[in-house]
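Peer 1: Heads up: the sequence lines are chains A and B, in that order. Read in order, the letters of the first sequence correspond to residues 1 to 248 in our numbering. Read in order, the letters of the second sequence correspond to residues 1 to 363 in our numbering.
Treat the hints as calculated values from the structure; they're not laboratory data. Some hints could be false.
[Stated by the list, open to error] Derived pair list, reagent style DSS-like, types lysine-lysine, alpha-carbon separation capped at 30 Å: (1) B:Lys215 / A:Lys27; (2) A:Lys147 / A:Lys172; (3) A:Lys27 / B:Lys350; (4) A:Lys41 / A:Lys172; (5) B:Lys189 / B:Lys83; (6) A:Lys151 / B:Lys3; (7) B:Lys289 / A:Lys151; (8) B:Lys78 / B:Lys208; (9) B:Lys208 / B:Lys83; (10) B:Lys78 / B:Lys160; (11) B:Lys78 / B:Lys189; (12) A:Lys147 / B:Lys208; (13) B:Lys350 / A:Lys151; (14) B:Lys358 / A:Lys151.
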Amino acid sequence: MNNRIELAQRKDAVVVENLQMVYRVGKVDVPALRGVEITVKQGEFVAVMGPSGCGKSTLLHLLGGLLRPTSGRIFVDGIEISAVNDTERTRIRREKIGFVFQRFNLLPTLNARDNIELARRIHGNGYRNGSGLAVDEVLRLLRLEDKMRHKPAELSGGEQQRLSIARAVINKPALLLADEPTGSLDSDNSLLVLQMLQELNIRYGQTIIMITHDLEAASTASRIVEMRDGRILNRVQNLVYAREQGLF
Amino acid sequence: MMKLILSNFLQRPTRTFVSIMAVALGVVLVLVSVGLCYGQLTDTAERTRRIGGDFLFQPSDASLLFALNSGTLPVRIKEVLEKVEGVEAATPILAKFLADRFHLVFGIDHESFEEVNSSLRFVDGALFTQPFEAVVDTVYSTSNQVRVGDEIEILGHRFKVRGVFVQGTASRVMVPLATLQEINGTPEKATMFFIKGRQGVPEEQVYKRLRDRFKHYKITRTADLQEIMASSTPVFRQFVAAVVFLSVVISFLVILLAMYSTITERTREIGILKSLGASRSYIVQLILKESVLICAAGVTVGFILNYLALQLILANFPTMPVSITLFWKVAAAVLGIGGGVMGALYPALKAAGQDPVKALGYE
Ligand SMILES: Nc1ncnc2c1ncn2[C@@H]1O[C@H](COP(=O)(O)OP(=O)(O)O)[C@@H](O)[C@H]1O
Ligand SMILES: [Mg+2]
Chain A
1 MNNRIELAQR KDAVVVENLQ MVYRVGKVDV PALRGVEITV KQGEFVAVMG PSGCGKSTLL
61 HLLGGLLRPT SGRIFVDGIE ISAVNDTERT RIRREKIGFV FQRFNLLPTL NARDNIELAR
121 RIHGNGYRNG SGLAVDEVLR LLRLEDKMRH KPAELSGGEQ QRLSIARAVI NKPALLLADE
181 PTGSLDSDNS LLVLQMLQEL NIRYGQTIIM ITHDLEAAST ASRIVEMRDG RILNRVQNLV
241 YAREQGLF
Chain B
1 MMKLILSNFL QRPTRTFVSI MAVALGVVLV LVSVGLCYGQ LTDTAERTRR IGGDFLFQPS
61 DASLLFALNS GTLPVRIKEV LEKVEGVEAA TPILAKFLAD RFHLVFGIDH ESFEEVNSSL
121 RFVDGALFTQ PFEAVVDTVY STSNQVRVGD EIEILGHRFK VRGVFVQGTA SRVMVPLATL
181 QEINGTPEKA TMFFIKGRQG VPEEQVYKRL RDRFKHYKIT RTADLQEIMA SSTPVFRQFV
241 AAVVFLSVVI SFLVILLAMY STITERTREI GILKSLGASR SYIVQLILKE SVLICAAGVT
301 VGFILNYLAL QLILANFPTM PVSITLFWKV AAAVLGIGGG VMGALYPALK AAGQDPVKAL
361 GYE
């Protein structure tokens with residue numbers, strides 16, 4: 001209970017109001033989000049679950065400003081990113097968002113250290129900025145300190161994903177968005193990656209929204225939300241769902 | 001950004017190398033052809049100017065590249081020319097182009113030539129006195145290993161070398177006017193006259209009088225020779241323009257192709273940069289910098305290759321004049337880089353405009 005009060009007092013990291021997203025494929029409209037409502041507090045670690053095609057990635061891309069919504073409002077760290085132009089959204093993404101993808105998306109020609117350094121430079125608009133975390137510190141935290149000079153292809157899947165997490169948090173983003181980060185990893189590596197996300201959340205108060213298929217992965221989060229057909233299920237629906245899944 | 005660019009170069013060494021060499025080719029093309037053209041032109045102009053005299057007198061349809069003219073002026077005009085007020089002396093010259101050796105031989109009139117000319121200096125011997133005597137310049141003497149007293153063959157006739165003069169005046173080889181007229185089948189004819197104005201009379205006045213008196217002839221101030229040559233030499237301008245155009249097109253197309261295939265291959269990479277918050281201008285800059293770097297390397301290689309090419313040409317044709325002015329060096333560099341930047345612009349904008357979600361391979 002104490003915990004809940006404390007959480008309610010925290011600032012909102014993300015507020016989403018009646019978010020709609022319709023993709024246009026040729027002459028056909030494909031609705032992907034049909035009125036998503038969600039609020040995520042600072043320091044929360046939220047897992048988003050749901051069947052394939054229910055709109056999880058679309059939601060994540062909208063939160064990170066990679067897409068513009070059809071309608072509805074999105075606030076990230078107090079800024080309404082659904083109302084700004086492309087340049088501004090890019091700036092917000094640069095300053096406030098860190099992405100982790102299922103397919104790692106590291107730059108293959110750069111070694112581990114340079115991949116992280118690049119994120120720092122882009123964040124600082126070409127300059128190495130003093131603010132973020134120290135590269136060495138992050139590499140140590142993610143147990144990559146002896147892999148600094150390795151190119152992504154010379155790293156295991158688990159190491160690559162840890163590297164991409166290091167890259168995502170190097171600039172201390174307000175929001176870390178992870179799209180099935182353990183989707184291409186074996187269970188040992190999945191566990192390690194999840195532990196690290198949890199550590200970032202607990203130790204550094206990193207706000208995280210993570211998409212996952214895997215209930216075990218979701219259980220590392222502080223809250224689980226369920227999506228179906230472009231909507232986030234409410235608490236009652238959630239309860240029903242949890243029972244179905246045998247969580248009670 | 002630099003690390004990213006360099007690592008990409010190393011990732012595709014063949015394409016980088018080929019792109020650099022192609023840009024270099026464009027640069028060499030400009031430098032060598034312009035260098036040889038201008039070299040020929042400057043050299044001809046300078047040596048013509050140093051014959052002396054203030055004006056060059058030719059038939060109205062004549063070219064300033066004497067190689068293209070045959071002897072059509074009657075030598076008798078000399079007397080008429082010298083009667084014009086302010087004219088000190090005039091000397092007829094018959095020019096004949098030796099195609100096999102790629103230089104001119106001048107037939108000169110000993111007496112009047114010396115009245116007009118003051119720059120001819122002999123390192124050995126003196127000007128000829130006999131019909132089948134010739135004088136050669138130091139370049140000719142060195143490259144053909146000819147000395148005073150030796151015999152040389154010109155247009156199927158044997159001439160005895162009477163003197164060797166310091167190069168830089170008139171043509172490499174000079175023979176008596178009458179002899180050349182006879183060999184050429186144009187007796188009493190000359191290609192041109194060099195006219196010397198009288199000391200103290202304003203050049204402008206003499207020029208006006210000559211032009212009034214000889215309306216149907218071409219009269220050129222020797223001081224203007226180089227400029228007029230460049231602008232009036234047939235196809236010279238068009239040739240230079242074509243070479244310049246070609247070099248820009250090479251750079252443009254090569255970089256367009258290289259960068260276009262690069263961004264197609266690196267779609268995901270561009271998506272990643274965008275997901276990290278890279279702006280449009282960051283991505284445009286990335287592609288442009290990459291191109292500028294390739295072009296700059298191409299220009300550098302081009303200058304080196306140009307140097308080697310000229311060494312090779314000069315080793316085989318020591319008398320070949322080459323002149324590459326600073327203007328053309330800068331121009332060649334600017335053309336190579338400019339063409340490349342233009343070629344990179346479209347791929348750069350295309351990359352910057354990519355949808356990040358699609359670029360990341362979603363869908
Ligand atoms: N770029 C796109 N163009 C058209 N339809 C899309 C696009 N991206 C996703 N969709 C559609 O939107 C819906 C939601 O997709 P997505 O957000 O990827 O779901 P999830 O991540 O939950 O699997 C799906 O029906 C999908 O086919
Ligand atoms: Mg998805």
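Peer 1: Does each hint fit the structure? Answer for all of them.
Peer 2: Hints versus structure:
1. B:Lys215 / A:Lys27: violated (78 Å)
2. A:Lys147 / A:Lys172: holds (22 Å)
3. A:Lys27 / B:Lys350: Judged against 30 Å, a Cα distance of about 25 Å means the pair holds.
4. A:Lys41 / A:Lys172: The hint holds at about 16 Å.
5. B:Lys189 / B:Lys83: holds (20 Å)
6. A:Lys151 / B:Lys3: holds (13 Å)
7. B:Lys289 / A:Lys151: holds (23 Å)
8. B:Lys78 / B:Lys208: Given pair B:Lys78, B:Lys208 holds - Cα atoms ~18 Å apart, limit 30 Å.
9. B:Lys208 / B:Lys83: holds (14 Å)
10. B:Lys78 / B:Lys160: With a Cα-Cα distance of about 28 Å, the restraint between B:Lys78 and B:Lys160 holds, given a limit of 30 Å.
11. B:Lys78 / B:Lys189: holds (11 Å)
12. A:Lys147 / B:Lys208: violated (85 Å)
13. B:Lys350 / A:Lys151: Answer holds: B:Lys350 to A:Lys151 is near 28 Å, not above 30 Å.
14. B:Lys358 / A:Lys151: It holds: about 25 Å lies between the C-alpha atoms, which stays within 30 Å.
Comparing the model with each numbered hint stated earlier shows that hints 1, 12 do not hold.
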